[in-house]
Amino acid sequence: MIEKALVKRTTKSYWAWIVFLLALIAVGFAAYIYQMTNGFAVTGMSRDISWGMYIGHLTFFVGVAAGGVMIVLPYYLHDVHEYGRITVVGEFLAIPAIIMALLFVVVDIGSPMKLFNVYLYYTPHSMLCWDATVLPIYLLLNLIVGYSVLQAENKGVKYGKVIRGLAIFSIPFAFSIHIVTAWLYAGLPSRHYFLTAMLPAKFLAGAFATGPSLIILICFALNKLTGFDAGKKAIDRLATTIAYAYTATIFMVVCEFFTAFYSNVPSHKAALQYLYAGLHGHNQFVPLMMLFVVLAVVTLLIMIPRQTRTNYKILGFGCATAFLSMYIEKGLTFVIGGLSESPFGEIVDYHVTLPEVLIIVGIFAIGILLASILFKLVVVVKKDMDVNAFPQEDRAGLAARYLAEYNAANGIVEEPKAAVEEAAEETKAE
Amino acid sequence: MEMNRRKFLKLGTAAVAGLGAAAAVANPAVAAAVNGSYKEAPGKRSNVTWGMVIDMNQMDEATLSKCIEVCHKYHNVPNIDTKKDEVKWIWPETFEHLFLDEVHEKMGEKYKGKTFMTICNHCEEPVCVRVCPTKATFKNAQGVVGMDMHRCIGCRNCMAACPYGARSFNFKNPRDYLDEINPTYPTRMKGVVEKCNFCSERLAVGELPLCVEAAGGAIVFGDINDPNSAVSKKIAENFTLQRRTNLGTKPKVYYIV
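Residue numbers (the working numbering), protein chains in the order written: chain W, 1 to 430; chain C, 1 to 257.
FYI, nobody ran anything at the bench for these hints, they're computed from the structure.
No residue lacks a Cβ here, since even glycine has one placed at the ideal position from N, Cα and C.
Treat the hints with caution; some may be incorrect.
As the list claims (entries may be wrong) - So the derived list for chain W, only partly shown, Cβ under 10 Å to chain C, looks like this: (1) F40; (2) S46; (3) D48; (4) M113; (5) R191; (6) L217.
As the list claims (entries may be wrong) - Restricting the straight-line Cα-Cα distance to at most 30 Å, the calculated cross-link-like pairs of lysine-lysine (BS3-like) are: (7) W:K269 x C:K114; (8) C:K234 x C:K83; (9) C:K233 x C:K83; (10) W:K269 x C:K66.
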C-alpha cells in the first residue's frame, strides 16, 4: 500500500515539495553536525538555562501527538461515526509529531552516542525514562493502528478486532505521553513556573486544542489540494472540542496568574513577570507573550460563538491562531521562562542562535515530509475506496458530459430529463 | 584496540580465577586464604556520612581563591571564562545569591555583598539523582553525590533540577581549556555534566578533600553521623546556615556566617 504514496497520482508539484523539504532537512543536518563538532556552546543554552528551544519543541509536539486522541477516543469509545473518515488523519498526525518530539530529544542530548544508556540503565524514578518509554510505545501503536485501518480500507474490508483493541489501548497512552512530559517539569523543586500540580492538566487541555486545530487545518488543506471532504459534521464537532479545550487552557493560565499574584510570593511571580512584563530589566519575551495574549483573545472570540465557529473561513483562521498561540506559550517560552530565574535569583536571558534555528527547521521539515507522505497515502486510498470522501460531481458529472458529447456527435436528441421524471411521476400516480 | 585489551584482561582474569579455584579445591589451606573475611581499610567505617562546615569568619577571599585553584587544577576543570559556558566545581557567590530566601531589603551591604564559597551540597535527598535517567549521578554509601561522566548522556535534566546551580555542562571541548593536565584524574569530553565530587577519589584512600586541605582550618570536614567528630561539634556549637532548607533536599554543607 505504501507504494501509493510515491507512484500513484503524484504530480510535479508534489515532487517539488518533497525535494524542497529534503533540502531543508539537509541544511538542518549540516547545522546538527556543526553543533556536535563545536559543542552546545553554539546554541543559546547556558549553565543557567540548561534546557531551551529543543526541549520546548519536544513538549509542544508531544502535545500535538496527544491531541489526535480527541478524534480517536470519541470514535472508538463513543461510536461517533462522523469521525470515521478522519480517525486515520488523527492517527497519522501522531506519527510525525512523535518522531519530531523524539528528534528534539536526540538533538538536545549532549552525548547522543550514549543515548541508549537510558534503556541499558533503566531508572524508573527518572521521569525522562518514562518519557523514553511511553513515546516509542505510542509511536508504535499509531503506526500499527493507522496503517492497518488504512490498509483495511484499501482492501475494502473493515479493520480487525485486534486493531480496534490496539486503538483503544492507545488512548491512555496518548494521555500518558503528555502527563509524563509535564511531570518532567512539575516535580522540580525551586522552579516555580514548573512546580504546579496544574501542569499536566494544562498541558493536556492545550494539546486537545492544538491537535484538533492542526487536524482541521490539515483537512482544509487536503480539501483545497485534492478535494478531500472530511464531512461537515466531523469538522463542526472537532471545532466544538477545540472551543472547550482552548477555553480550559486559558482558564488554567489565568489560574496560574491568580495564585502567583494574589499570594504575592516572589518566586511564584518571577517567571510570569519575566515573560509577560519583564523583570529586573530583562524583557526579551514580552512582545511574544503580548502576541500570545492577542492570539488567545482572538481564538476565544472565534471559537466560542457558534456563528463564527461554523463559518469555515473564520474557523480556519481561528484554528491557526489557536495553534500559533499554544506554540508560543508551550513551545517557545514555557521551558526558557521556567528556567529564567537562576538558583541564585538572577534573571538570565536566552539568545537563540542560527544553528539552533536551522536544526529546528530541519526537524520541522522531517515532520512535514512524513506528514506529506502519510496524508498523500490517505488521500490516494480514500479516493479509490471511499467515494463519499470526494465530490460526487467528479463521476456523475463526467458520465453526463460523455453522454452529452456522444449524443451531440451522433445527432441524437434526448428528451429533457425533467420530462422523463414527470412521465415517471404520472405513471406512479396512476 | 581498547575492547581487545579489555577482553584479553577479562579472559585472563577468568583463567586465573579458574586456576585459583582449582587450587583451592585441591588444597584446604589455600581455600581458607581465598575465603578469608574481608576487612575494610582502617579508619573507614560503613556508616560514615561526609559533611562539611565552611566557617565564613575564616574563609577570606584569598583562601577561597586558593581552594578554587587547587580543586580546579587537580580535577582538570576547564578554564572557560564566559558565564554562559563556564564549568566550575567551587566558586564565589554573594550572600544574597546563596541565601536568597534569607535576604531582606534593608540588609546591610556588609552581609549582602559578602563573598561565600559555593560548592555542591551533596544533598541527602538529591534531586539530581532522582531525575537522572541513567543513574550517571548517584549517591554513594558515604552520602557523596558522584558523577559517572562515562555514563552521562548529557540530557541536563539534573541541571534543571538542582536548586543550587551546582552543575556544569561541557558546552565546549574541555580539553581545549586546560593549561596543564593532571594525569591522575580523568579529563572529560564535551557533552557531559560535571560537578564537585567531595574528592571521593581522595576520601577512598583516606585523604581529605583538597579544598579542606587548602583552606587551612576554614573548612571542617568529617563524619556528620559521629557526634564526636570535629565537624559535628562545630555544627553543634555554632549557629549555622544551610542553603534553601525549605526544599527538603537536606544539604550536607553548613555555613558559619
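Legend entry - Hint consistency between W:K269 and C:K114 [alpha-carbon to alpha-carbon, up to 30 Å]: Given that 30 Å is the threshold and the Cα spacing comes to 27 Å, the pair holds.
Inset, instruction - Quickly compare the C-alpha distance for W:K269 and C:K66 to 30 Å and report which way the hint goes. - result: This hinted pair is violated, its Cα atoms lying about 39 Å apart.
Inset, instruction - Compare the distance between the alpha carbons of C:K233 and C:K83 with 30 Å, and conclude whether the hinted pair is satisfied. - result: violated (38 Å)
Inset, instruction - Sort out whether C:K83 lies within 30 Å of C:K234, counting only the CA atoms. - result: Not OK: C:K234 and C:K83 at ~35 Å, beyond 30 Å, violated.
Inset, instruction - Against chain C, run the beta carbon of W:S46 and see if the smallest gap drops under 10 Å. - result: It holds, given that the least Cβ distance between W:S46 and chain C is near 4 Å, below 10 Å.
Inset, instruction - Tell me if W:F40 is really an interface residue toward chain C, meaning its C-beta lies closer than 10 Å to one of theirs. - result: With a closest approach of 5 Å, the W:F40 hint holds.
Legend entry - Given hint W:D48 near chain C, where the shortest CB pair must fall under 10 Å: At about 7 Å, which falls below the 10 Å cut-off, the nearest Cβ of chain C leaves the hint on W:D48 intact, so it holds.
Inset, instruction - Answer holds if the nearest beta-carbon of chain C is closer than 10 Å to that of W:L217; otherwise answer violated. - result: violated (33 Å)
Inset, instruction - Please verify that hint: W:R191, Cβ, nearest Cβ of chain C, below 10 Å or not. - result: Interface hint status for W:R191: holds (7 Å vs cutoff 10 Å).
Inset, instruction - For the hint on W:M113, just tell me whether its beta-carbon gets within less than 10 Å of chain C. - result: Hint on W:M113: holds, closest Cβ of chain C at ~9 Å, below 10 Å.
Of the numbered hints listed earlier, those contradicted by the structure are 6, 8, 9 and 10.
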